[in-house]
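Asker: Here is how the chains run, residue by residue.
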Amino acid sequence: MLIRAGELASAGEPFALATVVNVRRPASARRGDRALVTPDGAVYGWVGGSCSEPTVVREALAALGDGESRLVSTEGSCASEGAVEILVEPQLPAPLLAIIGESPAADTLARLATGIDWRVVWGLDEGADAVVVATMGRGDEEALAAALAGPAGYVGLVASRKRSDAVAKTLRTMGVEEDALARLKAPAGLDLGPIRQEEVAVAILAELVAWRHARTPAALPAAEAVDPVCGMTVSLASAETVVHEGTTYAFCCAGCRARFEADPARYSVIGA
Amino acid sequence: MKDVLETLKGWNAEGLRFATATVVKVERSAPLGPGAVLAVSEKGEVAGSVTGGCVEPAVYDEAQDVLAGGPPRLVTYGIADEEAFEIGLPCGGTVHIFLGMGRRDLIDELATAVRDERPVALATEISGSGIGTQRLVDLNGHFEAAIEGDTFFLPFAPRPEMYVFGAVDHAAAIGRIGKFLGYRVTICDARARFATRERFPDVDEVVVQWPDEFLRGAPVDERTAICVLTHDHKFDVPLLKVALETPAGYIGAMGAKRTTESRNERLRAEGVTEEQLARIHAPIGLRIGSRTPEEVAVAVAAEIVATRRKAAVAA
Numbered sequence: 001m002l003i004r005a006g007e008l009a010s011a012g013e014p015f016a017l018a019t020v021v022n023v024r025r026p027a028s029a030r031r032g033d034r035a036l037v038t039p040d041g042a043v044y045g046w047v048g049g050s051c052s053e054p055t056v057v058r059e060a061l062a063a064l065g066d067g068e069s070r071l072v073s074t075e076g077s078c079a080s081e082g083a084v085e086i087l088v089e090p091q092l093p094a095p096l097l098a099i100i101g102e103s104p105a106a107d108t109l110a111r112l113a114t115g116i117d118w119r120v121v122w123g124l125d126e127g128a129d130a131v132v133v134a135t136m137g138r139g140d141e142e143a144l145a146a147a148l149a150g151p152a153g154y155v156g157l158v159a160s161r162k163r164s165d166a167v168a169k170t171l172r173t174m175g176v177e178e179d180a181l182a183r184l185k186a187p188a189g190l191d192l193g194p195i196r197q198e199e200v201a202v203a204i205l206a207e208l209v210a211w212r213h214a215r216t217p218a219a220l221p222a223a224e225a226v227d228p229v230c231g232m233t234v235s236l237a238s239a240e241t242v243v244h245e246g247t248t249y250a251f252c253c254a255g256c257r258a259r260f261e262a263d264p265a266r267y268s269v270i271g272a
Numbered sequence: 001m002k003d004v005l006e007t008l009k010g011w012n013a014e015g016l017r018f019a020t021a022t023v024v025k026v027e028r029s030a031p032l033g034p035g036a037v038l039a040v041s042e043k044g045e046v047a048g049s050v051t052g053g054c055v056e057p058a059v060y061d062e063a064q065d066v067l068a069g070g071p072p073r074l075v076t077y078g079i080a081d082e083e084a085f086e087i088g089l090p091c092g093g094t095v096h097i098f099l100g101m102g103r104r105d106l107i108d109e110l111a112t113a114v115r116d117e118r119p120v121a122l123a124t125e126i127s128g129s130g131i132g133t134q135r136l137v138d139l140n141g142h143f144e145a146a147i148e149g150d151t152f153f154l155p156f157a158p159r160p161e162m163y164v165f166g167a168v169d170h171a172a173a174i175g176r177i178g179k180f181l182g183y184r185v186t187i188c189d190a191r192a193r194f195a196t197r198e199r200f201p202d203v204d205e206v207v208v209q210w211p212d213e214f215l216r217g218a219p220v221d222e223r224t225a226i227c228v229l230t231h232d233h234k235f236d237v238p239l240l241k242v243a244l245e246t247p248a249g250y251i252g253a254m255g256a257k258r259t260t261e262s263r264n265e266r267l268r269a270e271g272v273t274e275e276q277l278a279r280i281h282a283p284i285g286l287r288i289g290s291r292t293p294e295e296v297a298v299a300v301a302a303e304i305v306a307t308r309r310k311a312a313v314a315a
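The listed protein sequences derive, respectively, from chains A and B.
First residue of the first sequence? That's 1 in the working numbering, and the numbers climb one at a time after it.
First residue of the second sequence? That's 1 in the working numbering, and the numbers climb one at a time after it.
One or more hints might be untrue.
Said to hold, decoys possible - Computed far set for chain B versus chain A, every beta-carbon distance over 12 Å: (1) Ala13; (2) Phe194; (3) Asp204.
Said to hold, decoys possible - Subject to a maximum C-alpha distance of 30 Å in a straight line, what follows is the list of computed BS3-like cross-link-like pairs (lysine-lysine): (4) B:Lys310 <-> A:Lys162; (5) A:Lys185 <-> B:Lys310; (6) B:Lys25 <-> B:Lys179; (7) B:Lys25 <-> B:Lys310; (8) A:Lys162 <-> B:Lys25; (9) B:Lys179 <-> B:Lys310; (10) B:Lys179 <-> A:Lys185; (11) A:Lys169 <-> A:Lys185; (12) B:Lys43 <-> B:Lys2.
The hints are simulated quantities; they were obtained by calculation from the structure and are not laboratory data.
Ideal Cβ placement from N, Cα and C applies to all residues, glycine included.
Please put together the full structure from these sequences, using the hints given.
Answerer: This is the structure we're talking about:
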């Protein structure tokens with residue numbers, strides 16, 4: 001399981017690591033049991049059966065969304081008297097910074113970003129979390145328009161304030177929408193009054209760190225539903241589901257699904 | 001000018017004469033600041049840059065004229081914003097550039113001083129009767145290139161010092177970014193087990209000594225950055241007391257709000273004034289939500305840059 005975790009990590013794939021840290025018997029999991037959860041809701045490993053798994057998946061996806069670790073308990077969500085406490089830790093790949101432009105400023109920024117463990121790619125990359133354009137006037141507008149049309153949450157331009165204003169104007173005439181322009185940071189970087197290239201790079205990285213931690217949770221957490229039989233909140237990504245009279249019902253486990261299927265009328269009111 | 005020194009040494013060795021064009025003043029924003037140098041050898045070779053491309057062709061022609069026996073001169077270029085926009089440069093503003101023949105005998109001396117990190121400045125007369133004469137002088141606090149009267153002082157200061165106290169993970173990250181910003185970085189900790197070369201291969205020096213004792217004997221000027229990560233009043237309090245007696249440009253100390261408050265209480269009890277306490281950046285680093293040591297290092301670097309730029313503007 002840890003080997004798989006290592007493989008995912010080196011491939012730059014996000015996952016959450018779940019570790020059983022406390023057990024109240026009777027429970028099927030033991031302290032130290034581990035599982036990892038991928039963003040599609042798949043579980044590898046063992047942290048307890050149907051009682052804990054749906055909770056773990058739900059919390060794992062939430063953790064992948066907001067980047068925070070959490071301690072979850074299966075207290076009350078299980079038919080048996082036991083309960084387990086599970087530490088869920090998101091393992092997010094280093095953010096990917098795309099740098100566009102061949103300039104000393106671009107090289108300097110790349111050097112610093114790599115130094116603080118960001119991944120750097122040259123040129124526009126679909127998977128980039130952030131894009132910084134530093135062509136020094138050789139195609140800033142085109143590069144920014146392309147970046148703003150993509151999914152990157154941060155798009156920055158290395159230029160003076162004056163030049164930045166001029167570029168923003170040009171982008172408007174090029175037909176870039178206002179809400180896309182709202183994502184544009186120009187000039188890129190916190191206003192530290194920097195002059196040297198190294199200082200500009202520090203100002204930009206500082207802004208990127210601030211942006212990374214301030215942004216609202218990504219769209220990762222999948223839709224959730226309440227199991228109409230036991231009342232547990234489950235993630236649709238991993239749940240057992242049944243479509244009854246046009247409505248999808250989600251269940252924590254096959255047992256709950258079986259009970260529902262035996263008497264849908266009894267539970268469908270709650271779920272509807 | 002540091003960037004072209006090696007090339008100039010090479011031309012010197014070949015016996016080539018050369019002219020230098022030096023940015024001595026900029027108004028509003030310009031791509032490169034005072035001290036940027038473009039050199040042209042008598043064979044027409046070029047080294048360095050004065051504006052990153054905006055006015056280089058014109059400067060090159062002026063340099064050729066100086067090489068052909070023309071007088072030293074001060075020229076001014078307004079980089080019109082429209083023009084800057086047209087040729088696609090991120091510039092604008094006005095640059096004043098001084099052109100003269102390079103003093104070949106000074107170059108080797110200057111290169112040696114720079115290598116040995118000796119504090120010197122290249123003083124050039126850019127106006128008046130002595131226009132064009134150059135000499136090496138003591139740095140004498142000229143950390144920023146500046147014109148004084150008829151003289152342009154171009155400093156070749158040794159790297160500024162960064163002292164990081166506390167041999168923790170954050171120290172390694174801060175040390176790395178300190179090097180990136182051009183500091184000579186020393187990490188100091190009283191615990192020999194932690195302050196080792198193996199743990200901090202990237203910094204200039206690792207010192208095992210009581211922090212306050214070390215700082216008392218270390219060179220400090222207004223460019224010095226002091227980062228206190230010891231996170232233990234036993235070390236922090238005497239160390240910060242010594243730090244506050246120095247002219248250090250940046251003093252930052254790690255510790256959450258409550259730790260900072262209780263540390264301040266102890267410092268007050270030691271006779272430290274409120275004005276002195278205000279010099280300490282605590283908790284260390286700009287608040288950008290840093291989590292990892294690397295992110296903390298970025299926050300610290302950003303705070304150092306902001307602090308020294310503010311100081312430069314005020315000066």
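Asker: Which of the listed hints are broken here?
Answerer: No hint contradicted; all consistent.
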